[in-house]
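Student: Sequence:
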Amino acid sequence: VSPSAAQLPGVNLNPGYLFFDALFDNPNGDMFHQEIKRGRAEVGRATDTLKQGIKQAKRKQLGLQEEVTLRVVEMKRAIVELQNVRAEAFTRVVGTQENT
Numbered sequence: 002v003s004p005s006a007a008q009l010p011g012v013n014l015n016p017g018y019l020f021f022d023a024l025f026d027n028p029n030g031d032m033f034h035q036e037i038k039r040g041r042a043e044v045g046r047a048t049d050t051l052k053q054g055i056k057q058a059k060r061k062q063l064g065l066q067e068e069v070t071l072r073v074v075e076m077k078r079a080i081v082e083l084q085n086v087r088a089e090a091f092t093r094v095v096g097t098q099e100n101t
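FYI, in the numbering used here the residues of the sequence shown are 2 to 101.
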């Protein structure tokens with residue numbers, strides 16, 4: 002996991018025993034149902050955090066893609082400039098040798 006990625010909140014799921022509770026009218030059934038609700042709320046918070054992280058990552062990706070595009074244009078300009086300087090240097094060297 003990247004250190005720049007946000008930590009997701011903890012999720013502690015308790016599946017409960019709905020069938021068992023209904024069949025035997027377990028007095029602890031309400032407690033288990035509350036645990037299920039709590040677990041769902043934790044999953045919801047983790048989901049929201051993850052969605053926010055995905056949005057941030059997409060924004061960052063777009064920014065980096067724009068930067069790469071700019072750098073490619075700069076590099077192409079530099080290559081053309083380098084080729085022109087090399088051609089000029091070659092012309093000078095060849096011209097100097099012809100005069101000798």
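Certain hints may be false.
Unchecked claim - Listed next, the in silico SDA-like pairs over lysine to any residue satisfying Cα-Cα at most 20 Å (straight line):
(1) Lys77 <-> Glu89
(2) Lys56 <-> Leu9
(3) Lys61 <-> Arg72
(4) Lys59 <-> Thr97
(5) Lys52 <-> Glu36
(6) Lys38 <-> Thr48
Said to hold, decoys possible - Pair ranges (Cβ atoms, derived):
(7) Gln84 <-> Arg46: 54 to 62 Å
(8) Glu82 <-> Gln62: 28 to 36 Å
(9) Gly64 <-> Glu99: 27 to 35 Å
(10) Gly40 <-> Arg78: 51 to 59 Å
(11) Ala47 <-> Val81: 50 to 58 Å
(12) Leu83 <-> Pro4: 51 to 59 Å
(13) Ser3 <-> Asp49: 25 to 33 Å
(14) Ser5 <-> Gly40: 22 to 30 Å
(15) Gly64 <-> Arg39: 17 to 25 Å
Hints were generated in silico from the structure; no laboratory data involved.
Glycine included, C-beta positions come from ideal geometry on N, C-alpha and C.
Student: Confirm or reject each hint.
Tutor: Tested hints:
Pair hint Lys77 plus Glu89 holds up; C-alpha atoms about 18 Å apart against a cutoff of 20 Å. Restraint check for Lys56 and Leu9: satisfied, since their Cα atoms lie roughly 15 Å apart, inside the 20 Å limit. Taking the CA atoms of Lys61 and Arg72, the gap is near 16 Å; set against the 20 Å cutoff, the hint holds. At roughly 56 Å between alpha-carbon atoms, Lys59 and Thr97 are farther apart than 20 Å, so this suggested pair is violated.
Restraint check for Lys52 and Glu36: the C-alpha separation of about 24 Å exceeds 20 Å, so the hint is violated. A distance of roughly 15 Å separates the Cα atoms of Lys38 and Thr48; the hinted pair therefore holds under the 20 Å criterion. Distance hint check for Gln84 and Arg46: the Cβ-Cβ separation is about 57 Å, which falls inside the suggested range of 54 to 62 Å. Against the hinted window of 28 to 36 Å, the Cβ-Cβ separation of Glu82 and Gln62 comes to about 30 Å, which satisfies the hint.
The hinted range of 27 to 35 Å is not satisfied by Gly64 and Glu99, whose Cβ atoms lie roughly 53 Å apart. Against the hinted window of 51 to 59 Å, the Cβ-Cβ separation of Gly40 and Arg78 comes to about 57 Å, which satisfies the hint. Take Ala47 and Val81: their Cβ atoms lie about 51 Å apart, and the range 50 to 58 Å holds. Hint check: Leu83 to Pro4, Cβ distance near 38 Å, so the stated range 51 to 59 Å is violated.
One distance hint, 25 to 33 Å for the beta-carbon pair Ser3 and Asp49, is violated here, with the actual separation near 20 Å. With their beta carbons about 28 Å apart, Ser5 and Gly40 fall inside the hinted range of 22 to 30 Å. Between Gly64 and Arg39 the C-beta distance comes to about 38 Å, which lies outside the given range of 17 to 25 Å.
Comparing the model with each earlier hint shows violations of hints 4, 5, 9, 12, 13 and 15; every other hint is respected.
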